[in-house]
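Asker: One letter stands for each residue in the lines below.
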Amino acid sequence: MNWLHFLFTAECYVMLALATNLLAGYAGQMSFASASFYGIGAYGTSLAMMHLGLPFTAALILAMAAAAALSLPLAFLATRTKGLSYVLGSIAFQVVVFRVFYNWYGLTGGSNGLNVPVQLSFFGWDVDDILSFCLLGGLFAAAFLAFFAWFRKTPFARLLTALRADELGSQTLGKNIPALKYSVHLLSAALLAVPGGFYALYADYLSPDAFNLDESILILSAVLIGGMGKGLLGPVAGAFFYVFLPEMVRQLPLGSHMQGATVQMLIYSLLLVLVVRFRPNGFFGENYSKH
Amino acid sequence: MIQIFFNSLVSSAVLAVVAVGFSLIFNVARVFHLAHGGLYILTVVLTTIFIHAGFFPVLAVGCAVGLAILLAIFIEKTAYWPLFRANARPEISLITSLGIYLILIHGLIFFRGDSPVGFDNWAETLFFQSNMLRMTFPQVWQLLASGLALTGVWLFTKTKWNSHFQAVADSPEIAERFGISVPQTRFLAIAIGTTLAAFGGIIRALDVKIEPYEGLGITLAASVAVMIGSARSLQGTVVACVVIAFTQNVADFFGLSAWKEALTFGMLFIVLLFFQEGLFSQNQRLDRP
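Protein chains in written order, with my numbering: chain L, 1060 to 1350; chain A, 36 to 324.
Hints are not guaranteed to be accurate.
[Stated by the list, open to error] Pairs of lysine to aspartate or glutamate, DMTMM-like flavour, derived with a Cα cap of 25 Å:
| no. | chain 1 | residue 1 | chain 2 | residue 2 |
| --- | --- | --- | --- | --- |
| 1 | A | K295 | L | E1226 |
| 2 | L | K1234 | A | D205 |
| 3 | L | K1141 | A | D155 |
| 4 | L | K1141 | A | D287 |
| 5 | L | K1289 | A | E126 |
| 6 | A | K244 | L | D1273 |
| 7 | A | K295 | L | E1274 |
| 8 | L | K1141 | L | D1268 |
| 9 | L | K1212 | L | E1226 |
| 10 | A | K244 | L | E1226 |
| 11 | L | K1141 | A | E312 |
| 12 | A | K244 | A | D155 |
| 13 | L | K1141 | A | E126 |
| 14 | A | K295 | L | D1187 |
Derived by calculation from the structure, the hints in this document are not laboratory data.
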C-alpha cells in the first residue's frame, strides 16, 4: 500500500466532506452536486495556471471564485424549492456540469481528459514529490478543520442550523432565508474547489469521469455514514472510511480487479442503507433526521 | 423528419411505461424510488436466465416479473415502510433507495459481470421500409406492448383502487381514518409500478442490449418526465416522455448526441426553477382556485 498516496487522497476527501457537510449538515440542503464544484476547482486551477500563467495561489482563488459564481443557479433553485425538488435539481445541475467537462473539447479536453504539465509552487516552496503534496494537503486540511472548529460557534452557523431545523420558523423570526441560502451555497462551492486544485496538480491529468454523479453520490454518502451536522468527527471519519475501504477490499481474496471494485460498492451501499435505517445520524453525527 | 418522429415515439413509449410506474410509486409511497432502475435491469437478467434454463418465454417473463415484484415488496417492508412510519424526510428515503439500487446493480455485476443483457435473435428484423421510414419488428412490438401497458394503467385509473391511491397520496392519515389500508395500498402501488418497470425493461431489451449501469439513467429520465409533466398527471408524464424523446432524437439528428443528457437535465432544472408543480399540473382540491 502506498501510504503517502492514501494520506494525500484522505486529506482531499476530508476537505470535500467538510465542505459538503456545510451545505447538507449545517443548512440541510442535500446536494448531489459536490463533484461538479470539485471539478470546477480542478479544471479552473489547471486552466488558469496553463493559459493565464498565474501562480498556484492566484489560480486557486480564481477557481474558487468561478465555483462560487457557478453555484448561483443552484442557490437560486434552493430559494425556490426545497426537499426532493432541490435534490433532483442538484442532480440535474451535476449532470449538466459533467456533460460540459465531458464534451467541451476546446477547453477541458473533453472525454480525452486534460494533461496538466504545470509545477505547483506555494509561496516559493516547490511541491514536486508526493511527500510535499502530503504536507501541503495536510496543511490545508488542518486549515479546513480549524476554520470549521471556529465556524460552528459563529452566529452564522447557528442561523444555518435554524434553517435546517425549521425554515418557516426562521423566516417568521425575520431571518433573511434567501440571503442565507445564497451565502452557504457560495461558501460551500468555493471550499469544494480547493481540493480540486490540489488533485489536478497531484494527478498531472484530469479525467472528467472523476467528477461525475457517482463521485457526488460517494462524497455525500461518506458524509452521511460518518455523520452530518456541526461536529467535525463525522465528515472526517466518513472521508477516511471512503478512502480506506478500497484498501481493505484489496486484502480480500477476490478474482479480479472488477470484482474488488464491485465488492467495495456493495459494502458501501449496504452500509449506507443500514446507517440510514438504524443510525440516521451517521456514526458520529448530531441528531439530524425527524425520527 | 418522419423517421425522427417514429424513433421518438418508440423511445418515448418505453420511457412512458417506466415513468408511469415510477410516478405511481412516487405519489402513493412518497419514495423517490431510484431502485426502480435496478428492478428494470434485474427483470431482464432473470428473464434471460429462465429462458436459458429452458422456460417457455412467456413463463420466463412471468417468473421474472413475479420475482421482481416480490423483491420490491421486500424492499418496501424492510426499508421504505419503517422510514415512512418514522416520518423520515423524503431525502432520507431517496438515499435509502439509491443504496438499494447500488446493491442490486453491483450484486448483479458481482454474479454475472457487467456485459450488456438482451435477447439476441430479435435485433434488426425489418417490418417495413420506404424512402422515408424504416421500422423493425422490435420497434413495432415496443409500440404495441407499451400502448397496451399504458391502456391498462388508464383503465386502472377508472377503478376504486385508483381513488384509494389518490387518497393515500393526498393524506395517508385521513385515508386510514376512512378505512383505507395504507400498507396494502402502498404494496399494490409498488407491485404495479414494479410490473411496469419490469415490462419496460423487457420490451426495451427486445430492441437493444441493456448495460447494467443504465438503470439509474432510465430512472432519472423517468423522474425528469414525471417532474416536467407533473407527478399527479398521467397524461402529463406521457407527453413529457414524448417531448424528452423527441428532443433527444433531434439532438442525435443534428450531431449533438453527446449533449442530449445535458439537454434533458437542463430542461428539468428550468422546470424545477419556474414550474415546480410541472407543466401539466391539475388542481386536485375543489376548495382551492
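Asker: If a hint holds in the structure, say so; if it does not, say that too.
Answerer: Here's how the hints hold up against the structure:
no. : hint                   : result
1   : K295(A) with E1226(L)  : violated, 36 Å
2   : K1234(L) with D205(A)  : violated, 31 Å
3   : K1141(L) with D155(A)  : violated, 45 Å
4   : K1141(L) with D287(A)  : violated, 34 Å
5   : K1289(L) with E126(A)  : holds, 19 Å
6   : K244(A) with D1273(L)  : holds, 23 Å
7   : K295(A) with E1274(L)  : holds, 21 Å
8   : K1141(L) with D1268(L) : violated, 28 Å
9   : K1212(L) with E1226(L) : holds, 20 Å
10  : K244(A) with E1226(L)  : violated, 47 Å
11  : K1141(L) with E312(A)  : holds, 13 Å
12  : K244(A) with D155(A)   : holds, 8 Å
13  : K1141(L) with E126(A)  : holds, 10 Å
14  : K295(A) with D1187(L)  : violated, 40 Å
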